[in-house]
Structure formats: structure tokens, C-alpha cells
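Starting from the known structure of chain A, arrange chain B on it as the hints suggest.
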Amino acid sequence: MHIPDGLMDPAVWIAGFLLAVPILILTFRKLGKQAGDEQIPFMAVLAAGIFAAQMLNFPVAGGTTGHLIGAALAAIFLGPIAAMAVLTVVIVIQSLFFGDGGITALGLNLLNMAVVAPLVAWVTYRGLQRRSGTTAIFAAAWISVFIAAFAAAIELSASFWLSGGVYGVTPWVSFPAMLGYHAIIGFAEGVITVGIWTFVSQVAPEITRAANSGREEATQ
Amino acid sequence: MKRNHVIALLAVIVAFAVFLPLYYLFSYGKNDALEQTIDEGNGTTGGTYNAPLSYGGNYLESLAFGVIGIIAVFGVTYLLLLAVRRRKRRGDE
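One line per chain: the protein sequences are A and B, in this order. For the first sequence, position 53 matches number 53 in the numbering used here, and the numbering has no gaps at all. For the second sequence, position 50 matches number 1050 in the numbering used here, and the numbering has no gaps at all.
Chain B on its own, in the form it takes in the complex:
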């Protein structure tokens, strides 16, 4: 992994931190399009699975969970693709 990729990952985190207040200003607490469709059609939802994390309920929580998610997605994608690549190489040998 090159320095450029670390800078790009940091840029993603900074952009997220910058745009997050706009989310809280204009969109927080409002239905997304699918939720609105479910409401309009009197659909029901509900499950028993409780996820260990959430997207938070205020700027700092969302920032913290967002950063955890960004790093987790980066790490899992990186390691998974590396594993897929190595497995393929082993298969070729």
C-alpha cells in the first residue's frame, strides 16, 4: 500500500466529517425513499437481529461510528481482495 492510498483514506474521513453536519441539518430523522414507500403503502417491518453498532444519534457519535465503518470497510475489502488474489496465485502455481 502506497502513501497515496493512506492520504486518500484520510481524505474520505475528512470529507465525511465535513459533510456530516449537512446530513444533520437537512436529512436527520427523515425517511429515506424506501421507508417513505413502506409508510405510504402501510407496509410493516421488524426483525430480531440487533446489530452491535449503529450510525449514532448526534454528530460526534455518527462521526465515531462512521470512522469505524470506513476503516472496517477499507480493512475488510483490502484483506479479502488480498486473500482472493493469493488464492488465485496459488492455484496458478
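In isolation and in its complexed conformation, chain A is listed as follows:
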């Protein structure tokens, strides 16, 4: 899911920065009001865990692989604002220090994985939470991956269209391929996210309780 350099039309990657950076600046400003001193180490551990999980690609179909995004995991444990901040740190470090995702594409990668994915996960989770906790977590994870992939497909297609085929990928390929592969990756993301939530609720129930109470406060 990490967009590399040289793939996107300059107008598209510049638009990525113009959209993502103001949102993330506001996120960090708002985070200062929300993050408690006790929550900060947990957020750092979760960020480290998401970084580790994103390194571990798993096989999907036809020799293709995918990896966890962790947006739903972060949004459900921390709420949308903190999730966006945590994913921003992960994606910036991956790009600057490990070359995972391009420098010019950093804005788009932040937009897809640190803005769109956690917000979609959060909205989905909040919408379904009262019916079934586990279903809500799974759905939030699946939809966050699918919509982030949809955003990437739009960016690939826009680049193709704006550049006359020099950059990006034709929409006839980008939409079916990105959505098809990520429908499967989203399923794995859902299973892993539910698994981690269940595991944490068993070994450290105070964390899931705090996450639940924190979510209530975040929406008030």
C-alpha cells in the first residue's frame, strides 16, 4: 500500500501533501488536549507494534502479498485523533529511514493510511459498535483497508489521466486490482485486529476498558 516515488503525476502528489498536511497539523494540535500522560507510552507501544506488523507481509492470492495497516487497531484502541498521529509517525519513519513509500508520495501515503483509513475505521466502528463489538471491529478493519485502497486507486487513475499515461495506472487495471487484492487483505486485517483486541482484553482488560471509556470521551 506504500506508494513509491515516480509513480504519481506531480499534480496528484502535491495535492496529497496539500490535503494531508493541514489535517495532520490540526490532529496534533487537538491531540495535545486529549492525550493523557498515562496514555502516551501505550500509544508509543502501539505505534511500534504497527511498524513491526507492517514489515510482515502475508501471502494473499496469485503470488501477491499484503500487510496490516493497523488503522482500525489504532482507532479502536486510541480514538481517531490519536490513531492518525500514531500512523503519521509510523509512515514518516518508514519513508525517511527505510525507503518504504516515496518521499514525493509521502503526502498520499499519509492521506490514505494515516487520515482516510483511521477515520473510516472509526466511523464504521462507532456505527456498528452497539450491535456487536467483534463484528464492528472486523468491519472497521476491512472497510478501512478497502477504502484506503479505493483512495489509492483514484490517485493512480488520476495520475494516469492527468499525465496522458506517463504516470499512474489506467483505471481499468487500478480499480479491479487494488480493490480485489485489498478485499482479501482487509479480511486478514479484520481477523488480526479482532485477534489482537481479544488477546489484549484477556491479558490486560484495563486497556480495553480504558479504550472504551476514552472513546466515549472523544465523542463528547
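Careful: at least some of the hints might be erroneous.
Between beta-carbon pairs, the in silico distance windows are [said to hold, decoys possible]: (1) A:Leu96 with B:Tyr1024: 23 to 29 angstroms; (2) A:Leu162 with B:Tyr1059: 39 to 45 angstroms; (3) B:Ala1051 with A:Glu206: 36 to 42 angstroms; (4) A:Val191 with B:Tyr1059: 24 to 30 angstroms.
DMTMM-like cross-link-like pairs, simulated, lysine to aspartate or glutamate; straight-line CA separation at most 25 angstroms [unchecked claim]: (5) B:Lys1002 with A:Glu206; (6) B:Lys1030 with A:Glu38; (7) B:Lys1002 with A:Asp5; (8) B:Lys1002 with A:Asp9; (9) B:Lys1088 with A:Asp37; (10) B:Lys1030 with B:Glu1040.
Read the hints as simulated data drawn from the structure, not as lab findings. C-beta: ideal position from N, C-alpha, C; glycine also.
Same frame as chain A, but now just chain B:
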């Protein structure tokens, strides 16, 4: 920072070390979904920026770089959030 958080960070590193062989067994060298899409659509990539680190090419390298990354992400997130929190407190006073 409490002892629990240090244990949790160590658990992340241990889990990473345990699952990394599965990555090498099933996924290493294979395209991810976006790379596959780029290949199928004959897209091109390329940049001039060379990152100082990589994810490594074998288990030990990946483990070493992974641990560096895990600690770096933990440290940067922790310090950044602490700075954001302190700045907010100063603004409130």
C-alpha cells in the same frame, strides 16, 4: 513509563522475531498488492532518494533493522507526544 510498557515493547520485538521466519517462508521477494497492480498496469516507479536503512535481505538483517525501527518508532512517538502534551500544558498556564 511503567514496567508494563517496557514488557509490552519487548513482547512486540519477540512477536516480530517469531513471525519474521513466516514472512521469509511465504512472502519474501513477492510483490505486494500495489506493486502487483503497478506491474499489471505497466506503471513505472523510480526516485532519487536513498533511505539510510532498509528492511534487510535475510532473517538476521531484517530482525536487526526491524528492532531498530520498532525502537525508533516507539521513541519518536513517545517524545513527540510528550512534547505536544507539554506544549499544550504551557499554553494552558
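Comparing the hints with the structure gives:
| no. | hint | result |
| --- | --- | --- |
| 1 | A:Leu96 with B:Tyr1024: 23 to 29 angstroms | 25 angstroms, holds |
| 2 | A:Leu162 with B:Tyr1059: 39 to 45 angstroms | 42 angstroms, holds |
| 3 | B:Ala1051 with A:Glu206: 36 to 42 angstroms | 38 angstroms, holds |
| 4 | A:Val191 with B:Tyr1059: 24 to 30 angstroms | 25 angstroms, holds |
| 5 | B:Lys1002 with A:Glu206 | 14 angstroms, holds |
| 6 | B:Lys1030 with A:Glu38 | 40 angstroms, violated |
| 7 | B:Lys1002 with A:Asp5 | 40 angstroms, violated |
| 8 | B:Lys1002 with A:Asp9 | 47 angstroms, violated |
| 9 | B:Lys1088 with A:Asp37 | 12 angstroms, holds |
| 10 | B:Lys1030 with B:Glu1040 | 14 angstroms, holds |
The structure shown violates the earlier hints numbered 6, 7, 8.
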